[in-house]
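Oh and the sequence shown: position 792 is 792 in the UniProt record's numbering, straight run, nothing missing.
Everything labelled a hint here was simulated from the structure, so no lab data went into it.
You may find that some hints are simply not true.
What the hints assert, rightly or not - Below, a list of computed lysine to any residue pairs in the SDA-like style, where the Cα atoms sit at most 25 Å apart:
hint : residue 1 : residue 2
1    : Lys-910   : Thr-931
2    : Lys-115   : Arg-141
3    : Lys-389   : Gly-285
4    : Lys-408   : Pro-433
5    : Lys-67    : Asp-109
6    : Lys-209   : Leu-93
7    : Lys-996   : Thr-931
8    : Lys-670   : Ala-790
9    : Lys-592   : Glu-562
10   : Lys-670   : Tyr-694
11   : Lys-897   : Arg-965
12   : Lys-122   : Leu-138
13   : Lys-670   : Arg-552
14   : Lys-296   : Gly-285
15   : Lys-288   : Phe-329
16   : Lys-209   : Trp-120
17   : Lys-296   : Ser-258
18   : Lys-2     : Leu-93
19   : Lys-560   : Ala-475
20   : Lys-304   : Gly-264
21   : Lys-333   : Pro-247
22   : Lys-996   : Glu-1055
23   : Lys-2     : Ile-63
24   : Lys-408   : Tyr-393
25   : Lys-996   : Phe-1032
26   : Lys-670   : Ala-475
27   : Lys-996   : Asn-1012
28   : Lys-209   : Ser-258
29   : Lys-122   : Ile-204
30   : Lys-592   : Phe-641
31   : Lys-1093  : Arg-1068
32   : Lys-286   : Tyr-762
33   : Lys-560   : Val-505
34   : Lys-962   : Gly-917
35   : Lys-1093  : His-1073
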Amino acid sequence: MKSGCIDFLDFVDKLASRVTNSDQQILRSNHVTWLLAQIIRIEIVMNTLSSDPRKVDTTRKIISFHKEDKSLDANNIGPQSILLDFISSSQTLRIWSFNTSIREHLNSDQLQKGKQIDEWWKQMMKASGERMIDFTNLDERATGMFWVLSFTMAQPACEAVMNWFTSAGMADLIQGPNMQPSERIMMMRETYPLSMSLLSGLSINLCLKLAYQLEETIFLGQAVPSIAMVETYVRLLLIAPHSLFRPHFTALTQRSPSILSKSGVSLLLLEILNYRLLPLYRYHGKSKALMYDVTKIISMIKGKRGEHRLFRLAENLCMNLILSLKDFFFVKKELKGPTEFTETLNRITIISLAITIKTRGIAEVEHMIYLQPLLEQIMATSQHTWSEKTLRYFPPLIRDFLMGRVDKRGLAIQAWQQAETTVINQCNQLLSPSAEPNYVMTYLSHSFPQHRQYLCAGAWMLMNGHLEINSANLARVLREFSPEEVTANIYTVVDVLLHHIQCEVQRGHLAQDLLSKAITNLSFFIWTHELLPLDILLLALIDRDDDPYALRLVISLLEKPELQQRVKNFCNTRSPEHWLKNQHPKRAELQKALGSHLSWKDRYPPFFDDIAARLLPVIPLIIYRLIENDATDIADRVLAFYSSLLAFHPLRFTFVRDILAYFYGHLPIKLIGRILNLLGVSTKTPFSESFAKYLVSSNSSICPPPEYFANLLLNLVNNVIPPLSSKSKSNPADTTRSTFNKHHASSQPGGVGNTDGQRAFYQNQDPGSYTQLVLETAAIEILSLPVPAAQIVSSLVQIIAHVQAILIQSNSGQGMSGGLGQSSGLPTSPSGAAESSGPNQANSAATGINATNFVSRSGYSCQQLSVLMIQACGLLLAQLPPEFHMQLYSEAARVIKDCWWLADGSRPVKELDSAVGYALLDPTWASQDNTSTAIGNIVALLHSFFSNLPQEWLESTHTVIKHLRPVNSVAMLRIAFRILGPLLPRLAFARPLFMKTLALLFNVLGDVFGKNPQVSNPNPVEASEIADIIDFLHHAVMYEGQGGPVQSTSKPKLEILTLCGKVIEILRPDVQHLLSHLKIDPTSSIYAATHPKLVQNPS
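Could you build all of it, start to finish, from the sequences and the hints given here?
What follows is the structure, encoded as structure tokens:
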């Protein structure tokens, strides 16, 4: 409405019309008035209500929606009841403020309530003094009245909140060891953040005012804001994600172009984004834009001396952003020149793309085209090569690109050995215990830039010689280095130390002694003197996982008491659900939170940042690398300790789903259980009630019964598939979704009531909505089951093949019972009850489901639910990795080929064609007419599956046809065309796949109508019998040529005509004749005769 997409006057007219037509359900409470009270704050609506000729009539209609509840219990009134009781008055007084002509429509109750609001506010001001309300001690009545105030007098309410945050006063920031005595910075004293329960009832108008005011104080104020103020600001954005969200970099620079150059503002903004708002940006699809904004900061400061804190925070945020992107992304807005990423980010980008492509596929055609140049762009400035163990899990598209890269590690070691003498001499002067501090500046001014990357390696070699080194000088030099130079030192020292260990082992030294010494030295760098960032060191080590000692060093570092104690302290002082923590915030000391390397010259205090938090994107990558190296027991051990830290991961649900999909078929059940434990109870993950039982089953080879899978699909129907609004054609009396009371659904395993279905965004930040949560939870369940994909797919396919019979049987007679015995009535169109096994055999799949009143729990009729179950199954299978797709194609083809009436060679061709005609009816109509068949259901399942697949995974769709070949009848030919037909519009923009599909269809046609058909028939079928198939092939070629719906001017592309001309040759002459226009012969094809290239070059 704010953007003009909905006309306000029209909206009110339609609402009033529905109420007039006895739809009184709308007005069973004052929620409509509450909604309109929010809407009339929009400027375009206010102008309409004050100036439009219909303003009086519209206002009268708005007031007519008021629902005055006289039955309120004065002793038992909650905040919401108070708000709904007073909202009519708030709304009317607001309209009166800009349209005084409505005076005659006001009643005394509304005026009286308006006075009550005013009196209550005056009393609060008088009681609190100096306009400061204690928001931590509001009772329910006061909370409700403050909500009312937010609709009536938003400005005073906003001022009251701001006064609450400033009431504690200011304090001088305690000077750090590296601050100048003259430097002074003021900081707000801490108070309590406003709770989500209080914020949830405020008007959107007040939320907008408050968010703007808080932004002004937080980012443009002179003092460092309190943590409570920042937390409240974050909570406002989470509680009203649609109304308040604006990209921060754009919004803040519009208010003040130089804002990000202000001391501390960039740090605070990046902390808020990294530790509070990542899910919000992903929810709005703005993660890529944010990544580009952060990349600009990184590219500007990566070569700037001393900018370590801001750089590492920006780099950590960029890691999280890259790993959160679950669709294809460009590393730069233009595919020109090398990336502006650091070496670390380039490597993580490759990993993220590999995970995304393998677990979700590439969604669009253009993304598949751009993948190669994108990979070239990323790797243009990187020398890294991945180990064979990592590459074997990469998707082929990335693995094939990276396989040819030369490992330049040997050259890097040679370069170090050439520079080693010079570097050691420099280190002896710089790092000897007696070295002068002034030599630091001499080293920085006179050392060669190419030698600086070896500083830490030189220090390492001195330490291995048991020499004491001058840690103060080393620390100062590293701080004066640019962040880029520090990163280069980390990657170099890792290569040098691993090479050194291997050389020493070859000389006869014990590997364990060498590793112990290496850990001691690394602890010197990381913990004793805090010289290097731990997260980058860990990433550098896991990227050398083909070295036998790299991962052992990683595990030793993770198990160091210093790190584990820091992680414990972090987890004990914070809450993963930060929006629910209403205690008085305690700010960590800068050096204790980030270490001396990052905090050296800085004075701006931290809000949420911590060395432990910097590990959140790193620990999951370590788990990936351990699994790739078959160290699943160690991965389990790491997860066991770091699960409390990973509870703070903003996207841990996505991590669980992706790692299960990425390594599907390679994870032991114990590790799967450990991974699932990361979700914890706080996420309220809607697992099926029986899921845990099958996960820990003592006999892992037994597949869960059909009832389990049917309930899984029913949960998707109830919570994911869009509801039907039309009533059943075959049974108009059936209760439809629109009038269904959702509490029935809560009784199903894994089902949830209405409250969960309408959970606010902040309760579903990952994956972002409750619908997505239910869908991906179902996928997680499937991926976690300890049975092969073939058994799972077989169970799902059997349910869908016989879904109507199952539902009728489960529904204890609801619907039309004739479905089970229909085969005798319509021999050419047998029902799903008997197709697969013969006309007299009972349906085996239906007997495995004992769900009582299965249909009634959905709110749909049998006919409607059967169609929705097919949709749900296709959607679910499309979320799973390609291993499941191959099984689906195999099982679908088996069900089709095993159909007794299709395989019966004695049946007349006409009867068979008639049967196929019934079988391929649209599943919706077939269901309503009770003519559903197993073949029709399976074809519908494939169509639902195809429609939800990303473009890349459509490449394998031909497999189902290959399983059906050789096609030996027109009936089977029609089924094959029906399966692939709906795909062609999606393939029209992917020419290689379109041509492959078209060639396959011609070859299938050749199986029956070829010069050498698969089955000899003394009475061959006339070509005229497949006129519809011929027309379809013409249409498909025209559609691709047009790039969309066929028009009178549509023409085929030359490449397609060339292809058709070749494959047509395999067909019988009479069929070729019908396709003669699809050749490149100008004498027989009107398209060839008028094609410019063929006319110019007739040869």
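Taking the hints in turn, this is what the structure says about them:
A hinted pair counts as satisfied when its Cα atoms are at most 25 Å apart, and Lys-910 with Thr-931 qualifies at roughly 18 Å. At roughly 16 Å between alpha-carbon atoms, Lys-115 and Arg-141 fall within 25 Å of each other, so this suggested pair holds. Annotation: proposed proximity of Lys-389 to Gly-285 is violated, straight-line Cα distance about 33 Å (limit 25 Å). Restraint check for Lys-408 and Pro-433: not satisfied, since their Cα atoms lie roughly 36 Å apart, outside the 25 Å limit.
With a C-alpha separation of about 12 Å, the suggested pair Lys-67 and Asp-109 falls inside the 25 Å cut-off, and the hint holds. Between the alpha carbons of Lys-209 and Leu-93 the distance comes to roughly 20 Å, so the proposed pair stays at or under 25 Å and holds. Annotation: proposed proximity of Lys-996 to Thr-931 is violated, straight-line Cα distance about 34 Å (limit 25 Å). Among the hinted pairs, Lys-670 with Ala-790 is consistent with the structure: their alpha-carbon atoms are about 22 Å apart, no more than 25 Å.
Simply put, Lys-592 and Glu-562 have alpha-carbon atoms about 12 Å apart, close enough for the 25 Å limit, and the pair holds. Between Lys-670 and Tyr-694 the CA atoms are separated by roughly 13 Å; this keeps the pair inside 25 Å, and the hint holds. For the proposed pair Lys-897 and Arg-965, the alpha carbon gap of about 10 Å is at most 25 Å, so the pair holds. Of the supplied pair hints, the one linking Lys-122 and Leu-138 holds, its CA atoms being roughly 16 Å apart against a limit of 25 Å.
Distance restraint check for Lys-670 and Arg-552: the Cα-Cα separation of roughly 22 Å lies within the 25 Å cut-off, and the hinted pair is therefore satisfied. For the proposed pair Lys-296 and Gly-285, the alpha carbon gap of about 19 Å is at most 25 Å, so the pair holds. This hinted pair checks out: Lys-288 and Phe-329 have alpha carbons roughly 7 Å apart, not beyond 25 Å. Among the hinted pairs, Lys-209 with Trp-120 is consistent with the structure: their alpha-carbon atoms are about 22 Å apart, no more than 25 Å.
For the given pair, Lys-296 sits about 15 Å from Ser-258 by alpha-carbon distance, which is consistent with the 25 Å threshold. Straight-line distance between C-alpha atoms of Lys-2 and Leu-93 comes to about 21 Å, which keeps the hinted pair within the 25 Å bound. Between Lys-560 and Ala-475 the alpha-carbon distance is near 22 Å, which keeps this suggested pair within the 25 Å criterion. A C-alpha spacing of about 17 Å is found between Lys-304 and Gly-264, which places the hinted pair at or below 25 Å, so the restraint holds.
A distance of roughly 17 Å separates the Cα atoms of Lys-333 and Pro-247; the hinted pair therefore holds under the 25 Å criterion. The straight-line distance between the Cα atoms of Lys-996 and Glu-1055 is roughly 12 Å, inside the 25 Å bound, and the hint therefore holds. Straight-line distance between C-alpha atoms of Lys-2 and Ile-63 comes to about 21 Å, which keeps the hinted pair within the 25 Å bound. The straight-line distance between the Cα atoms of Lys-408 and Tyr-393 is roughly 22 Å, inside the 25 Å bound, and the hint therefore holds.
The suggested pairing of Lys-996 with Phe-1032 holds, with an alpha-carbon distance near 16 Å, which does not exceed 25 Å. Under the criterion of a C-alpha separation no larger than 25 Å, the hint pairing Lys-670 with Ala-475 is inconsistent with the structure, at around 44 Å. Proximity of Lys-996 to Asn-1012 is assessed by CA-CA distance (about 22 Å); at most 25 Å being required, the pair is judged to hold. With a CA separation close to 23 Å, the supplied pair Lys-209 and Ser-258 stays within the 25 Å bound.
Taking the CA atoms of Lys-122 and Ile-204, the gap is about 23 Å. The hint holds against a cut of 25 Å. Between Lys-592 and Phe-641, the direct Cα distance comes to roughly 22 Å. Compliance with the 25 Å bound is thereby established for this hinted pair. A threshold of 25 Å between alpha carbons decides the hint, and for Lys-1093 with Arg-1068 the separation of about 29 Å lies outside it, so the pair is violated. Straight-line distance between C-alpha atoms of Lys-286 and Tyr-762 comes to about 17 Å, which keeps the hinted pair within the 25 Å bound.
Only pairs whose Cα atoms come within 25 Å are accepted, and Lys-560 paired with Val-505 is accepted, the gap being roughly 24 Å. With a C-alpha separation of about 22 Å, the suggested pair Lys-962 and Gly-917 falls inside the 25 Å cut-off, and the hint holds. Proposed proximity of Lys-1093 and His-1073 is supported: the alpha carbons are some 24 Å apart, at most 25 Å.
Taken one by one, the earlier hints fail for this structure at numbers 3, 4, 7, 26 and 31, listed in ascending order.
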